[in-house]
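Chains as they are written, first to last, in the numbering used here: chain Y, 16 to 344; chain X, 16 to 344.
These are calculated hints, taken from the structure and not from any lab test.
None of these values were measured; they are calculated from a predicted model.
Some clues are possibly wrong.
Heads up, the list lumps identical chains together, so a pair's fine if it works in one copy or across two of them.
Unchecked claim - Using 20 Å as the maximum straight-line C-alpha spacing, the simulated DMTMM-like pairs for lysine to aspartate or glutamate come out as follows:
1) Lys-192 <-> Asp-333
2) Lys-192 <-> Glu-178
3) Lys-263 <-> Asp-240
4) Lys-214 <-> Asp-240
5) Lys-32 <-> Asp-246
6) Lys-17 <-> Asp-218
7) Lys-337 <-> Glu-137
8) Lys-59 <-> Glu-137
9) Lys-17 <-> Glu-249
10) Lys-257 <-> Glu-152
11) Lys-263 <-> Asp-325
12) Lys-180 <-> Asp-40
13) Lys-187 <-> Glu-92
14) Lys-223 <-> Asp-325
15) Lys-17 <-> Asp-245
16) Lys-296 <-> Asp-240
17) Lys-17 <-> Asp-246
18) Lys-17 <-> Asp-240
19) Lys-214 <-> Asp-100
20) Lys-263 <-> Glu-92
21) Lys-32 <-> Asp-295
22) Lys-257 <-> Asp-240
23) Lys-180 <-> Glu-249
2 protein chains.
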Amino acid sequence: MKKLINDVDNVLNESLKGFEAAHGDLVKINLDPKYVVRASSPVKGKVALISGGGSGHEPLHAGFVGTGMLDAACPGEVFTSPTPDQMLAAAEVVDGGAGVLFIVKNYSGDVMNFEMAAEMFEGEHASIITDDDVAVEDSLYTQGRRGVAATVIVEKIVGAAAEQKADLASLKALGDKVNRNSGTMGVALTSCTVPAAGKPTFDLAADKMEMGVGIHGEPGRRTVDLMSADDIAEEIIGAIVKDLETTKGDDVLLMINGMGGTPLMELYLMFDAAKRQCDDKGLNITRSLVGNYCTSLDMAGCSITLTRMDAEMTSLWDAPVKTAALNWG
Amino acid sequence: MKKLINDVDNVLNESLKGFEAAHGDLVKINLDPKYVVRASSPVKGKVALISGGGSGHEPLHAGFVGTGMLDAACPGEVFTSPTPDQMLAAAEVVDGGAGVLFIVKNYSGDVMNFEMAAEMFEGEHASIITDDDVAVEDSLYTQGRRGVAATVIVEKIVGAAAEQKADLASLKALGDKVNRNSGTMGVALTSCTVPAAGKPTFDLAADKMEMGVGIHGEPGRRTVDLMSADDIAEEIIGAIVKDLETTKGDDVLLMINGMGGTPLMELYLMFDAAKRQCDDKGLNITRSLVGNYCTSLDMAGCSITLTRMDAEMTSLWDAPVKTAALNWG
């Protein structure tokens, strides 16, 4: 296993310490239990947004903690759900008196642990479950669809509305709307390697790729011969458009998300390929995001996300954000 | 070869088209000859900054075109110098009447072609040659030291001063100062694969890494057994500190740069390891940058850069920047 690490048991701790040292102006980190919170926590009168999940998907979620996005992130060990005590401790630190909104990717362990934390938390709260992955129904770690890259878009849009002091019920409804209008599908050219396992999560021959892969290397729709960027874009955009039932003239945000091991040059090439598919379907790409945002350790590959946008969502997408991984306005 | 591409001959063109489609608010792209310029070009009365080099190092340089950084970038084919006609055409588009400053990484082909462009360009001009790589003297593609990740820091700091309407001579002196106060060294865990070649650039056994590797996979100081993150940080920071002749109490910017195939989790872990080395040497890390900025296609590995900062450089580093890859203030 080739990784820039010391002891496999300390990977998460050392990475979090590095994250705090690099971004101490934005975040504070607690190591026992583990959570990352806005340096300015709590923000009085604002609904606090908390997300989390297994590590290995960086910058998700710690990279999105800051003004205009998340108040807290709870990182589990690599590809392992965080525990309820992490979520509860984070909620108590960031609660500014207007309630707490949990944003949870749809994996059974995450959902169960966030539910337990929510039950123990004494303040007002609600939850959004993201399940944007159109590849498969039910999977290795979850029932129903998996929550993947559109979680970033949910966190950005709901985070902007929270910053503008929207109330808990409105934020919950907004997050559900963004999730409902988002579809994602991924493709893996290589497996990822979990540090503690020391070997690739799955086997993939030199001439094969996994269409519809999950962000932990879970099986997708099928293992196929390597396809061109154009053919990949056609299959994925086709699947998403079918799922979202888009119509000509819809405004969309197009996100090309790297899985961690694919260079930016290829991600922009995929953007070009996906854009041509969107053009063919009569979709207007009004916003875009290209880069490594919801990764799968060192996996080569990418996912494509479309979110159907309305004026409110677009305005909230454009609103200022100041985090380690997204910063504008 | 596993890559998200169509035809190997169209990789650069399609990637540039995707880049323009995703960042049309920031840049305009010309495909014959190839250059990327600020959407607002030319900016009257401002010295125009132009950089460039072989592709495959994205986001370098096109990702740094925008307000507060570069006016133009000239991308060559993968790991191939751009041609003088690209640079000349870009210079003529972005020249705002206050002169043009070329920022060139020290590779013989790049230096020669930028010199030819400078000779043909009729306006006032000067050049900065970056050569921050402390690993080796002379290498596969150059005489003297290689220009690598500190080029990003030069472009940011000089770009901020140019935005504040500093004159050509001051900018040239400032860029030379940043370069002189910067040192970088990299390590590769895997080779990169150039699309047109279709196979890894160099061989590296499963238990070996290349210490001091160049950003095209050129040989470094030596091929060694895999080392821990702490040992890598100790060797690299030791080499840079020796080269820069730092003294206790110096303020430094610490940059951990991914080579393209290494996940962010490991880069933050390397930041933690490098920070402990800096602490041991009495260096104050006053600014930081962690991510994939000067890459080598899909190579796994990273480079570490230290730049000794003074108050002027720090203030210019903090100044607003709005590009695809750096955005703050």
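Legend entry - Hint numbers not upheld by this structure, sorted from lowest to highest: Going through the list in order, the structure violates hints 3, 7, 12, 13, 14, 16, 19, 20, 22 and 23 and respects the others.
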